[in-house]
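A.B. asks: Residues per chain, in single letters:
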Amino acid sequence: MPTVIAMDCSASMHSWSAPNKEGNVLSKLKLASECGMQILEFFAEKMKLEHLAVLSFSSDVEKLSEFSRDYAHLKLSIAKMKVRDKSLFSQLVSYLNQFVVETWGYMEPCHIIIITDGRLSWPEDITIAPSRTLFEFPGNLHILCLESTSSLTSSGCMTCLKNILEQNSGKGSITSLLKSRLNEHEVISTMKNELEKFLNDRFKIFEINLKCGSLSSQVALYPAPVADKTGEEFDDSFQIVGFLDVADVGNPPVLSRHLLSPVADKETSQNPDETKDFAGSPAMAIVLHGSLKIENKVALVKVSPNNYGVIYSWPCSKTKSNLVLSLLPPGAESVPWLGNIRQLGPSSLLPSTGKKIETPTFPVQPRKGSKRSYAQPTVAWTRPTGLQTDIQKILRSAKKLPEKSQVFYKDLNRLRRAALAFGFHELLEGISSLLERECTLLPGTAQPEAMLQLSHAARELKASVGAGYEHNLEPLKTDFKFNR
Amino acid sequence: MSDSDHKTVFLIDHGPAMGESSKQMVEYDIATKSRPQGVVPLAPVAKSLWTSSIEALCEYCRIVWDIFPHNKLLRFVVGDTSARFLNSWNKEEQNLNHLMKSLSGVGPPLKKADGNIMVGLVSAVGAVAQQTSAQNKLLSSGSSVSNRGRIVCITQLKNDVHLKTIVDCACDAVNKHCESASTNEGMLPIDSLELVIIHVKPFGSNSAITEHSLTPASKNPKVLVEAQDVKATRHGIAIANRLLHLVQRHFDLSVTSITGIPMKEEQHANSSANYDVLLLHRRLPGTAIRESEHSMWDGELSSTMLLKWGTPKINYNELYHCTGAARVSPVDVNSRPSLCLTNFLLNGRSVSLEHWNNRPDGAAAGSGGSRQMTHMISCRGSDIFLHALGIFRPPFEDPPNISDGPGGKVKDYRISDFGEIIKHNHLLPLGGRVKSGTLPIDGAMAKLDRRTRYWPLVYSKSIIFNLAKTVDPLLEAIVKENLTPDDVLQCQRVIYNLIGLERDGAALPLVTSAGSLSRGINKQSKREEQYKSMWRELEDLLRAHSSTSSKHMDILDCMLECIGKGKSSRTSSSVDKLKSNVRSGANEIYESPESPPPLKKSKTENESSARIRPQKGTQSLLSMWTQRVENTNSQRHVEFYGRLASDGNKAVLYPNFEEDPNNAQNTPANQDRQTSRHGHHRYQGHHRSGTGGGTREEGGRSGRNTPQGSKPKMAKKTQKPYPQ
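The listed protein sequences derive, respectively, from chains W and V.
Going by our numbering, the first sequence opens with residue 454, and the numbers climb by one from there.
Going by our numbering, the second sequence opens with residue 1032, and the numbers climb by one from there.
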């Protein structure tokens, strides 16, 4: 995941560390830039896909480098760092909230590595609303202190740092890179060792065995996926369940997406001959990618007992494409139109009872009787137009009686039921008189039945107030011919 | 299930005060063009406070049920002298139809009834204490549930003292229920309760209460109280709007305006104008949290996001990165623009939308460069969803080419064959249609496992997958979970066909992985070597599948017998023992299906097959002559099949001797005579080639399909093992 290195360049960083025999001294700023270089080298060697940015902060934040993979450029930018005034941590936080979100949005987890002497000022009175965290994006805050743990504790900085970490819901770490009473040589070597340990600990390539039935392929995920909120761990291997059409999957909501790249299997790579020729030994992930691309399908994959993802071919340019895994929100029912993922299976599982069963299709329909308000006739009279539109509709069909008597009575019944539910009995009286008046306004060319139906409806509407919700006003029977 | 919005109870005052007129008239007889001039419109009617409140309440519920079809439950208590529940926590009773029906049974408040809302309030608290099925499920799975809820009370209060009595009553009820919850089945103690009291009053009324936002009640800190005072102005819209603001806050909803929807004008069908539709939906992840505290406001909802209508031309076969999808509900469901939009979407169209920032200088965000599609609205299974699309760069932007990694240089991947696996394992929503106890997803994984048990990734690593036409029926059948007798027969035919091919010395497709082939070896031994690895591969395949069922095992047995393996140790007395041996062996091998078979076995195979195989290498005149004679003889003579399939040219007679009680009566001498005359009959039965005629034809057909040149001869030979 993207990483920001933020260097504290407040005046306190200018302070001397242990002076050596020649009287030369190392400033903490120098140590900090050494750390920065080491971090960059670590990433350049082990995590080439990582985007890094370098900032320096004091009372103001200076952007030394944008997010980039150009390590030479990043190294140069560290050299540009200068000592300034005092550090204001809140300033850095608000800067990061803008800087990171601008590039990666609110969803992308990001590492923030702060290199400091531990003296971060964080006004006690600034508290963040309980529903929010320090950062507006999912941020892991790693504070690297150029100070020994004991001096951090004695100076009270530790309490402040812990407080900051707590504001970030505890996501992150505090590492002290130095030990007390060190001479110059020891300072550098201790720092380097501690930093190495920290980096190896926190920044690992996420490798997993991707299984498709009995076939499997070792793949690396970039960026490393983060376990869901419930803390459910990932399975030892990601297992493909089956395949779906892109159109059926239908742009599901996704928590995060990750590049899948095949890596040499650890077991086979023990053999030195095979590691040399790893590009020549076939990998299942490549077959999978090729077929998904050609068939235009996605593979549904189970990543933990309760979490699923989809693997698909992702075009990264017009000619190039790669295998990408998108993690679905937690739970087996996270995509409503796929239904319960545990209920997905190949058609061969359907019982073959001789009778022709309708093959189920996507999207999964909501259960019967739970249609949404916009998908069925719904009464909403909070606005006068709502009621007026319904009445106009009835009047329109009233003018075309008896041809429209079906529609007329249907709408009238709907209105009647709504008025009963809302306890709006006055309206029924009103509509009744409205229909009576319509009777008188009928043109001379109108069919006599229109008048009969209108007065019948007007009468019935008034009389049936107590008849209950289910009572239906029926058209007046005017056809007395016997049906054979 | 532990959220405070999981359970909401509405307490609606049915006392005489609610029956009061809101003193605001509704015109229902509006003038239209078609009405003749001079007609006096009918007098408008006034809604009662009750009607206004119920209409507003129905809108609140409509939105909740539209957006949260599961797990956000609403209940309704009508309180006058008694308390009446209109529904339960049951899912079947969570819809507008059910609510409207039960409401009609209540009717408007009676003018002279003596009302007291306290009884209703106590019942409402009791409803919050009641377990819902979702909570019950969680509890029975061993998780802890924090039982929170909300009561929205719509009533008319006298003054602040009246308000305090109601709050106190609720506090007492919560305490009482907490005490009794432990002893009552299906009840849970209430961990926290939000009590929202909405004081509704008619236009012109001066009775007022002090409004305040959520604060803990002094008597019981578990109860948070909020008081709202709303006048039923403008036909009661004030109450409706107040409830809209409440539903937005209670369920953390966003208000989004879809703007610039082109719509044909009702009057002038040729021109079209642009309309806006206001939608409510759950806040989409990936959007900034914006505080909007307008819940004490009676004005219309205002949008927090403007999305401009883009194009309805969306490629369904393209997968967009979508950071969130939320069900929507139109604020005004029956307005013409809303209906137009929802019907358009319900017909299966999707529309791309573009985030529109209304800047003060009038310039829109996307005006400068190309338009960026930020959102999409579409219908999935009769629900309309608003999708937020990922607009930021992916963290793995510009990755290295997949062909630069491991396996990238390999060229002959079986990509189209894998496509077949994909098609066979296409998932469908089987929900409830599968009777057996296993979950469909497990069945899917088992099927995928069977299809891939033996599956070389590249063409050059396999002979049998290159022998498409000959071996296909076997490859198709062997991956099935249950084999029909026909399937078994098919598989056996394939094996016999292969034997036929080998006997004829038909060339096999060249496979590079048989790297053991060195130069200098003559054609003959090369071919032998090829057949050897082919049989080895077939054995691996069959062994990998032999654990599926006993019929799969039979096929492996058949193949082993045909190539003369496993027969050597098989005596008439130890058939079963051997079978179990093979089975356990197969299980071991199943662990690693691609491991080569033990060396010893292939040696025996080599010896046996070498003797049966027609010699075709160096031919002398004599050998050519004898071969010709043999050929003519073979028209009449049928080689004893038992010998063909045996090891070391010796056939074991009556392998199932002990198994068959009928045969046991026969004397050895009898049997011998019978066998020498009709030996093939015995074996015919053994190999289940009961439909001999069909078999012969089949064999001939597949023989013709092989690339080998000696068609007629081969066809004849394949017939031979199955005489009539």
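Since the hints were derived computationally from the structure, they do not count as laboratory data.
Each hint should be verified, as a subset may be incorrect.
In silico BS3-like cross-links for lysine-lysine, where the CA-CA straight-line distance does not exceed 30 Å [stated by the list, open to error]:
1. Lys773(W) / Lys1492(V)
2. Lys846(W) / Lys1122(V)
3. Lys746(W) / Lys1440(V)
4. Lys930(W) / Lys1132(V)
5. Lys1168(V) / Lys771(W)
6. Lys1440(V) / Lys657(W)
7. Lys657(W) / Lys528(W)
8. Lys846(W) / Lys930(W)
9. Lys501(W) / Lys1442(V)
10. Lys501(W) / Lys539(W)
11. Lys1582(V) / Lys1454(V)
12. Lys1500(V) / Lys915(W)
13. Lys746(W) / Lys1500(V)
14. Lys773(W) / Lys1168(V)
15. Lys846(W) / Lys1132(V)
16. Lys824(W) / Lys1168(V)
17. Lys1122(V) / Lys1054(V)
18. Lys824(W) / Lys1143(V)
19. Lys1103(V) / Lys499(W)
20. Lys1168(V) / Lys746(W)
21. Lys1143(V) / Lys771(W)
22. Lys501(W) / Lys1440(V)
23. Lys1103(V) / Lys1143(V)
24. Lys746(W) / Lys1344(V)
25. Lys1454(V) / Lys915(W)
26. Lys852(W) / Lys1295(V)
27. Lys624(W) / Lys516(W)
28. Lys824(W) / Lys624(W)
29. Lys1344(V) / Lys915(W)
30. Lys1295(V) / Lys863(W)
31. Lys1454(V) / Lys771(W)
32. Lys824(W) / Lys1054(V)
33. Lys863(W) / Lys1143(V)
34. Lys539(W) / Lys657(W)
35. Lys915(W) / Lys773(W)
Among the chain W residues that face chain V by a calculated CB cut under 8 Å, a handful are [as the list claims (entries may be wrong)]:
36. Leu529
37. Ala532
38. Lys535
39. Gly703
40. Pro706
Bear in mind that the values here come from a model prediction, so they are computed numbers and not experimental data.
Note that beta-carbon positions come from the ideal geometry of N, C-alpha and C, so glycine has one too.
A.B. asks: With reference to the structure, classify each hint as holding or not holding.
C.D. replies: Okay, the hints, checked on the actual structure:
1. Lys773(W) / Lys1492(V): Measuring from Cα to Cα gives roughly 27 Å; hence the hint holds.
2. Lys846(W) / Lys1122(V): 33 Å, violated
3. Lys746(W) / Lys1440(V): 18 Å, holds
4. Lys930(W) / Lys1132(V): OK: Lys930(W) and Lys1132(V) at ~28 Å, within 30 Å.
5. Lys1168(V) / Lys771(W): 50 Å, violated
6. Lys1440(V) / Lys657(W): 27 Å, holds
7. Lys657(W) / Lys528(W): Measuring from Cα to Cα gives roughly 22 Å; hence the hint holds.
8. Lys846(W) / Lys930(W): Satisfied, since the Cα-Cα distance of roughly 23 Å is no more than 30 Å.
9. Lys501(W) / Lys1442(V): 26 Å, holds
10. Lys501(W) / Lys539(W): 34 Å, violated
11. Lys1582(V) / Lys1454(V): Satisfied, since the Cα-Cα distance of roughly 25 Å is no more than 30 Å.
12. Lys1500(V) / Lys915(W): Outside the cut-off at roughly 80 Å; violated.
13. Lys746(W) / Lys1500(V): Distance of about 27 Å is within 30 Å: holds.
14. Lys773(W) / Lys1168(V): 48 Å, violated
15. Lys846(W) / Lys1132(V): 23 Å, holds
16. Lys824(W) / Lys1168(V): 25 Å, holds
17. Lys1122(V) / Lys1054(V): With a Cα-Cα distance of about 38 Å, the restraint between Lys1122(V) and Lys1054(V) is violated, given a limit of 30 Å.
18. Lys824(W) / Lys1143(V): With a Cα-Cα distance of about 39 Å, the restraint between Lys824(W) and Lys1143(V) is violated, given a limit of 30 Å.
19. Lys1103(V) / Lys499(W): Violated: Lys1103(V) and Lys499(W) sit about 47 Å apart, past 30 Å.
20. Lys1168(V) / Lys746(W): 41 Å, violated
21. Lys1143(V) / Lys771(W): At roughly 78 Å apart (the allowed maximum being 30 Å), Lys771(W) and Lys1143(V) break the hint.
22. Lys501(W) / Lys1440(V): Holds, because 21 Å separates the two Cα atoms, which is no more than 30 Å.
23. Lys1103(V) / Lys1143(V): Roughly 36 Å between the alpha carbons, so the hint for Lys1103(V) and Lys1143(V) is violated.
24. Lys746(W) / Lys1344(V): It holds: about 22 Å lies between the C-alpha atoms, which stays within 30 Å.
25. Lys1454(V) / Lys915(W): Cα-Cα ~63 Å, so violated.
26. Lys852(W) / Lys1295(V): Given pair Lys852(W), Lys1295(V) holds - Cα atoms ~25 Å apart, limit 30 Å.
27. Lys624(W) / Lys516(W): 24 Å, holds
28. Lys824(W) / Lys624(W): Between Lys824(W) and Lys624(W) the Cα gap is close to 42 Å, so the pair fails against 30 Å, i.e. violated.
29. Lys1344(V) / Lys915(W): 51 Å, violated
30. Lys1295(V) / Lys863(W): Roughly 27 Å separates the two Cα atoms, so the pair holds.
31. Lys1454(V) / Lys771(W): 26 Å, holds
32. Lys824(W) / Lys1054(V): 35 Å, violated
33. Lys863(W) / Lys1143(V): 35 Å, violated
34. Lys539(W) / Lys657(W): 34 Å, violated
35. Lys915(W) / Lys773(W): 73 Å, violated
36. Leu529: Where the cut-off is 8 Å and the nearest Cβ of chain V is about 21 Å from Leu529(W), the hint is violated.
37. Ala532: Violated, because the Cβ-Cβ distance from Ala532(W) to chain V comes to roughly 26 Å (cut-off 8 Å).
38. Lys535: Violated. Min distance 30 Å.
39. Gly703: Check passed: Cβ of Gly703(W) comes within 6 Å of chain V, closer than 8 Å.
40. Pro706: 4 Å, holds
When the structure is compared with the earlier hints, violations turn up for hints 2, 5, 10, 12, 14, 17, 18, 19, 20, 21, 23, 25, 28, 29, 32, 33, 34, 35, 36, 37 and 38 and for no others.
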